[in-house]
Structure formats: structure tokens, C-alpha cells
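For chain A, the structure is supplied; the task is to place chain B on it using the hints.
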Amino acid sequence: NAGVTQTPKFRVLKTGQSMTLLCAQDMNHEYMYWYRQDPGMGLRLIHYSVGEGTTAKGEVPDGYNVSRLKKQNFLLGLESAAPSQTSVYFCASRGTGGASYEQYFGPGTRLTVT
Amino acid sequence: ELKVEQNPLFLSMQEGKNYTIYCNYSTTSDRLYWYRQDPGKSLESLFVLLSNGAVKQEGRLMASLDTKARLSTLHITAAVHDLSATYFCAVDMADYKLSFGAGTTVTVRA
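Top to bottom, those sequences are chains A and B. Mapping the first sequence onto the numbering used here, position 66 (from 1) lands on 66, and the numbers just tick up by one. Mapping the second sequence onto the numbering used here, position 20 (from 1) lands on 20, and the numbers just tick up by one.
The hints are simulated quantities; they were obtained by calculation from the structure and are not laboratory data. Some hints could be false.
Reference listing, derived: stretches of chain B covered by chain A, where coverage requires no fewer than 3 residues with Cβ under 8 Å from a Cβ of chain A [as the list claims (entries may be wrong)]:
no., stretch
1, 45-53
2, 93-99
Simulated pairs of lysine-lysine, DSSO-like, Cα-Cα distance not exceeding 30 Å [what the hints assert, rightly or not]:
no., chain 1, residue 1, chain 2, residue 2
3, A, K9, A, K57
4, A, K9, A, K70
5, B, K56, B, K41
6, A, K70, B, K41
7, B, K17, A, K57
8, A, K57, A, K71
9, B, K3, B, K41
10, A, K14, A, K57
11, A, K57, B, K3
12, A, K9, B, K68
13, B, K41, A, K14
14, A, K57, A, K70
15, B, K68, B, K56
16, A, K9, A, K71
17, B, K41, A, K71
18, B, K17, B, K41
19, B, K56, B, K17
20, B, K56, B, K3
Partial selection, computed: residues in chain A whose CB lies under 8 Å from chain B [stated by the list, open to error]:
no., residue
21, Y31
22, M41
23, L43
24, Y48
25, Y64
26, A82
27, R94
28, E102
29, P107
30, G108
Glycine included, each C-beta is placed from N, C-alpha and C at the ideal position.
Next comes chain A alone, as it looks inside the complex (with noise of 0.2 Å):
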């Protein structure tokens, strides 16, 4: 039982490029959420999903796009990298019902673009 896990872990890009980071979930989890932490802003959602096929815009949503094909992954895309966009990223995932109240956290990915 592996949890929440991110690929890849580290990534420098260059401005303008593209790359998507992968998340996966064995919990059977219905919801999953992208947040990204900057020095001294705790984390904020980007994007977030309540089921297979489906997705919404959290409080940062510009620049990245996601997808949510099968409930076991979460893919968050960046079309054209920007030096703003330099974070740490962090996906989770939670289930429903019951005592599941906790979001599960992946180890996170960071992400610096020259």
C-alpha cells in the first residue's frame, strides 16, 4: 500500500516549455486535489477532482490544466512553464464517507523554471 505518490519528485524547466507531473492514489479515493506551497503562503488548491472524469478550478487555477481519467491518478499539466510557477507541488487525495476524513499528502514535487 504505497498511498499517495508523485512523479517525478524534482524538475527544472525552461520558460515556455511544457511537462506534466503525475499523481497516484491506491486508496480508492473519490476525491483528489493539486495544491502548491510557496515560502510563507502554506499551500493553495489548484485544481480538484470529486470522481473519475470529473474536475474543478480551486483558488489558483491559471496557467495549469488537469485531468482525471482513472480514479487512481491525477495528472497536472503546465502548458507554457513561467518563473512563477517555480513551487513545490503536492497532491492529495481523500475518501468518502465514514471516518475518511483526512486528505493523505504525496511527498510532493519541485518544480523550478528558469
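Leaving out everything else, chain B in the frame of chain A:
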């Protein structure tokens, strides 16, 4: 828009003394979470507070929730070096989204 404010943002603790971190939030919510983050690491869940008056304790940490005052506190008893980390509170919103505070960076000195 839900705002979550933590204070202080930086806390220098002396070993053996007691301290409190405060988390205020701006709109109604019945669930509040505390996380710990070590440098370069992910978030580790400390407490999930599910209702007004909830109190949870683990070791030297105790968290409480007052939903009427929209306030949660994280109390640290007899600080030790291992507690040095950044602590975040987060509040539940619709669709189980979390709104985070900015974090409190704790340093424990001898």
C-alpha cells in the same frame, strides 16, 4: 472567501516551556486539521478536530476547536528540540477542499 490566519508565524521556543499557536478562520466550518511539516518533506497529519469543543492530545501536543469563536489552538507542553518544524492549520470547505493557514515555523532552543 474563507480566510485562515495563524499566529504567530514564527515562534522561538525555549526547551521545557509551554507555548500556544492560534488559528482563526473567517467562515463557518465544523472540521479543522493540524499538520506538521519538516523541511523538504510532505505534510504529516497531527489532529483532525470534528466538532465544537473537540480536544485531542498526542504527546506534548494538544489541539482544541471552538467553532463559535472560529478558533483553534495548538498547545505545546514542555517544548523539546524534536518539535522544531512548521505547523499548519487547515479548514474544510465544500467538496472537502482545505484552506490552509500560512504556517507557524517553530524553533526550539536549549
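Okay, the hints, checked on the actual structure:
no.	hint	in the structure
1	45-53	holds (count 3)
2	93-99	holds (count 5)
3	A:K9 <-> A:K57	24 Å, holds
4	A:K9 <-> A:K70	21 Å, holds
5	B:K56 <-> B:K41	24 Å, holds
6	A:K70 <-> B:K41	27 Å, holds
7	B:K17 <-> A:K57	43 Å, violated
8	A:K57 <-> A:K71	18 Å, holds
9	B:K3 <-> B:K41	25 Å, holds
10	A:K14 <-> A:K57	25 Å, holds
11	A:K57 <-> B:K3	18 Å, holds
12	A:K9 <-> B:K68	41 Å, violated
13	B:K41 <-> A:K14	25 Å, holds
14	A:K57 <-> A:K70	18 Å, holds
15	B:K68 <-> B:K56	18 Å, holds
16	A:K9 <-> A:K71	22 Å, holds
17	B:K41 <-> A:K71	26 Å, holds
18	B:K17 <-> B:K41	26 Å, holds
19	B:K56 <-> B:K17	20 Å, holds
20	B:K56 <-> B:K3	23 Å, holds
21	Y31	5 Å, holds
22	M41	6 Å, holds
23	L43	5 Å, holds
24	Y48	6 Å, holds
25	Y64	16 Å, violated
26	A82	23 Å, violated
27	R94	5 Å, holds
28	E102	6 Å, holds
29	P107	5 Å, holds
30	G108	5 Å, holds
Figure legend: structure checked against the earlier numbered hints; hints not met, in rising order: 7, 12, 25, 26.
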